[in-house]
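Engineer: One letter stands for each residue in the lines below.
Number of protein chains: 2
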Amino acid sequence: MRLLKAFSITACIRTVAALFLLAACVHVQAQTDPLPSWNDGPAKKAIIDFVQATTTQGSPNFVPPPERIATFDQDGTLWVEHPMYTQVMYVLERVPAVVKAKPELAKVAPFSTVLEVLKGDRAAIAKLTEKDLIELLAATSTGMSVETFQAEAKKWLAEAKDPRWKKPYTELTYLPMQEVLKYLRASGYRTYIVTGGGQDFVRVYSEATYGIPPEQVVGTAGGTKYGYSKDGKPFLTKEPKLLLNDNNAGKPEGIHLMIGRRPVAAFGNSTGDRQMLEYTKAGDGARLSMLVLHDDAKREYAYGPAKGLRDTKVGTFTQALYDEAAKKGWIVISMKDDWKKIFAFE
Amino acid sequence: MRLLKAFSITACIRTVAALFLLAACVHVQAQTDPLPSWNDGPAKKAIIDFVQATTTQGSPNFVPPPERIATFDQDGTLWVEHPMYTQVMYVLERVPAVVKAKPELAKVAPFSTVLEVLKGDRAAIAKLTEKDLIELLAATSTGMSVETFQAEAKKWLAEAKDPRWKKPYTELTYLPMQEVLKYLRASGYRTYIVTGGGQDFVRVYSEATYGIPPEQVVGTAGGTKYGYSKDGKPFLTKEPKLLLNDNNAGKPEGIHLMIGRRPVAAFGNSTGDRQMLEYTKAGDGARLSMLVLHDDAKREYAYGPAKGLRDTKVGTFTQALYDEAAKKGWIVISMKDDWKKIFAFE
Numbered sequence: 001m002r003l004l005k006a007f008s009i010t011a012c013i014r015t016v017a018a019l020f021l022l023a024a025c026v027h028v029q030a031q032t033d034p035l036p037s038w039n040d041g042p043a044k045k046a047i048i049d050f051v052q053a054t055t056t057q058g059s060p061n062f063v064p065p066p067e068r069i070a071t072f073d074q075d076g077t078l079w080v081e082h083p084m085y086t087q088v089m090y091v092l093e094r095v096p097a098v099v100k101a102k103p104e105l106a107k108v109a110p111f112s113t114v115l116e117v118l119k120g121d122r123a124a125i126a127k128l129t130e131k132d133l134i135e136l137l138a139a140t141s142t143g144m145s146v147e148t149f150q151a152e153a154k155k156w157l158a159e160a161k162d163p164r165w166k167k168p169y170t171e172l173t174y175l176p177m178q179e180v181l182k183y184l185r186a187s188g189y190r191t192y193i194v195t196g197g198g199q200d201f202v203r204v205y206s207e208a209t210y211g212i213p214p215e216q217v218v219g220t221a222g223g224t225k226y227g228y229s230k231d232g233k234p235f236l237t238k239e240p241k242l243l244l245n246d247n248n249a250g251k252p253e254g255i256h257l258m259i260g261r262r263p264v265a266a267f268g269n270s271t272g273d274r275q276m277l278e279y280t281k282a283g284d285g286a287r288l289s290m291l292v293l294h295d296d297a298k299r300e301y302a303y304g305p306a307k308g309l310r311d312t313k314v315g316t317f318t319q320a321l322y323d324e325a326a327k328k329g330w331i332v333i334s335m336k337d338d339w340k341k342i343f344a345f346e
Numbered sequence: 001m002r003l004l005k006a007f008s009i010t011a012c013i014r015t016v017a018a019l020f021l022l023a024a025c026v027h028v029q030a031q032t033d034p035l036p037s038w039n040d041g042p043a044k045k046a047i048i049d050f051v052q053a054t055t056t057q058g059s060p061n062f063v064p065p066p067e068r069i070a071t072f073d074q075d076g077t078l079w080v081e082h083p084m085y086t087q088v089m090y091v092l093e094r095v096p097a098v099v100k101a102k103p104e105l106a107k108v109a110p111f112s113t114v115l116e117v118l119k120g121d122r123a124a125i126a127k128l129t130e131k132d133l134i135e136l137l138a139a140t141s142t143g144m145s146v147e148t149f150q151a152e153a154k155k156w157l158a159e160a161k162d163p164r165w166k167k168p169y170t171e172l173t174y175l176p177m178q179e180v181l182k183y184l185r186a187s188g189y190r191t192y193i194v195t196g197g198g199q200d201f202v203r204v205y206s207e208a209t210y211g212i213p214p215e216q217v218v219g220t221a222g223g224t225k226y227g228y229s230k231d232g233k234p235f236l237t238k239e240p241k242l243l244l245n246d247n248n249a250g251k252p253e254g255i256h257l258m259i260g261r262r263p264v265a266a267f268g269n270s271t272g273d274r275q276m277l278e279y280t281k282a283g284d285g286a287r288l289s290m291l292v293l294h295d296d297a298k299r300e301y302a303y304g305p306a307k308g309l310r311d312t313k314v315g316t317f318t319q320a321l322y323d324e325a326a327k328k329g330w331i332v333i334s335m336k337d338d339w340k341k342i343f344a345f346e
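From first to last, the protein sequence lines are chains A and B.
Read left to right, the first sequence gives residues 1 to 346 (this note's numbering).
Read left to right, the second sequence gives residues 1 to 346 (this note's numbering).
Among the clues, some could well be false.
If several chains are the same, the list does not tell them apart, and a pair holds so long as it fits within one copy or across any two.
[To be verified] Cross-link-like lysine-lysine pairs, in silico, BS3-like; alpha carbons within 30 angstroms at most: (1) K233 x K298; (2) K131 x K225; (3) K225 x K241; (4) K107 x K307; (5) K154 x K45.
Rather than coming from a laboratory, the hints here were simulated on the basis of the structure.
Since we're looking at a predicted model, the values are computed, not measured.
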């Protein structure tokens with residue numbers, strides 16, 4: 001009896017305390033702009049309206065917390081992808097180590113081409129075909145244990161610098177998108193990266209860089225093989241065997257494989273994200289599909305070829321994608337107009 | 001100034017309230033046995049000691065919350081797998097619908113064999129080879145949209161009953177293991193299913209049955225193909241293409257693909273879980289690897305062939321696995337001795 005009574009009092013105090021906390025939080029949230037680096041405009045409004053519609057109890061578009069999944073492309077959506085994807089820079093800069101271990105490769109393409117590029121002949125990079133890149137990826141990022149790969153990538157990320165900003169690549173994330181990640185998480189969303197980049201590569205820094213843990217990174221993934229070291233310790237070796245090509249239609253396929261739920265919100269910046277945005281938007285209720293347009297040559301880069309911007313093979317945003325976005329209610333974010341600041345270090 | 005002052009008072013109240021909540025929770029937890037369906041013994045003690053060692057701040061084996069990953073095999077570890085895996089029963093019982101759509105299959109093995117089994121010739125089940133099962137799986141569980149598969153599986157699960165207990169299969173989960181799942185989650189662990197069963201199948205009921213959401217189910221997985229319906233709506237079709245065989249060495253490989261972290265605790269019951277337990281235990285610090293031994297013929301089933309129990313092809317627990325467990329510190333759970341109750345409905 002006494003225990004029961006003590007329990008009721010405790011329960012009562014806990015309820016009151018919880019209500020207090022709730023009231024305090026609502027109060028604080030109402031006063032704070034969750035997206036301070038965004039200019040007022042349709043993009044910012046769309047994000048805030050979406051979050052309010054899907055998280056307000058009683059709203060017709062309320063989404064229960066377990067279903068609050070938001071997916072983000074990485075290259076060009078969360079961080080800089082020009083003039084070349086960061087992971088491609090990693091692969092190129094690992095080539096000297098590979099050639100040191102196997103000197104006979106120094107005179108064989110594509111390794112010889114990469115050595116020219118690294119010596120300063122930047123134009124030689126254009127000689128590399130997709131097939132070359134796959135060969136370089138296999139040579140630099142497979143045939144080793146998962147732990148060795150992680151250690152090598154981590155070391156490179158700590159030392160390498162983007163040539164324009166002279167900063168580590170992991171500092172070249174877009175502050176407005178970091179705010180969106182945080183705002184969604186504070187609203188009960190789980191944020192996932194869904195990238196054409198290598199899943200194991202992105203997982204090395206995703207937690208520190210974006211607050212996104214490894215299990216919430218979906219990327220292009222190769223197989224691993226379970227085996228044993230000489231002293232009998234088990235480990236996984238990265239194999240040159242493609243399991244998931246997480247680009248284009250591979251994005252919704254990868255989302256089904258790794259998450260098993262359709263996202264409620266999705267963010268991308270190129271034709272490689274088209275199907276993910278389409279798949280997200282095709283679900284019931286309120287859905288948010290957004291595309292970052294790189295139209296700020298001064299503060300970052302400008303490329304499309306949508307809207308007459310420069311054409312590019314890295315993060316292509318075609319006019320067809322722009323027109324489809326308008327037709328289907330996917331919202332285009334103009335870096336130039338919608339973002340007050342691009343980087344935290346500005 | 002006034003705002004700042006109001007803020008400090010709010011912050012103060014929040015801190016006091018949080019401490020109150022914490023004290024209340026610690027008080028409640030100290031008084032409650034987290035594993036009431038377990039008899040006192042080495043298995044129960046190992047679980048509680050492990051949780052305390054890994055979650056007590058300042059403990060040399062403290063594991064930070066983001067790294068608290070626990071993986072569970074499903075068949076035979078979380079629910080009944082004898083006389084036959086539930087998903088195999090599903091596949092067999094879907095055959096009449098497949099034959100109805102394609103009547104020419106009625107006289108072709110393995111479809112004809114399954115029709116005999118369903119008519120009551122249970123012995124005919126022995127005629128089915130692994131190749132047959134793969135063919136049946138493809139015929140019953142691929143070539144349809146993800147949503148159609150989910151609806152069919154959900155309907156079957158709501159209607160089908162285990163012949164011995166006359167209850168839905170989803171009620172045949174082990175209460176002591178449900179307690180372990182809840183205890184680990186209450187201690188900041190994320191619980192994952194890592195099953196040889198079909199990932200899409202298990203995801204249909206994992207949240208309602210175990211409190212494990214779809215994104216925390218790793219299973220044998222096939223590919224999907226993104227496409228469009230006649231009215232242009234995008235959807236994913238399940239394909240008969242194996243991406244991950246989540247058995248044996250496939251379990252650590254699947255864990256790396258889907259989670260990207262080594263588990264701190266792992267639970268299994270057969271040779272198919274050996275590598276997962278080994279991989280888990282090979283990590284640094286406190287690690288928990290446990291195996292459920294089915295040694296209770298009266299309340300459930302008894303099979304091994306470890307410890308002289310009946311041999312079986314469904315959930316084989318060999319003497320070699322038993323000996324390895326003893327040697328490597330993997331703890332064997334005796335259903336007979338360690339579990340007070342097996343099912344919640346007892």
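Engineer: State for each hint whether it applies.
Structural biologist: Structure-based check of all given hints:
| no. | hint | result |
| --- | --- | --- |
| 1 | K233 x K298 | neither (53 angstroms within a copy, 39 angstroms between copies) |
| 2 | K131 x K225 | both (24 angstroms within a copy, 24 angstroms between copies) |
| 3 | K225 x K241 | both (10 angstroms within a copy, 19 angstroms between copies) |
| 4 | K107 x K307 | neither (43 angstroms within a copy, 62 angstroms between copies) |
| 5 | K154 x K45 | neither (37 angstroms within a copy, 39 angstroms between copies) |
This entry does not satisfy hints 1, 4, 5, going by the numbered hints stated previously.
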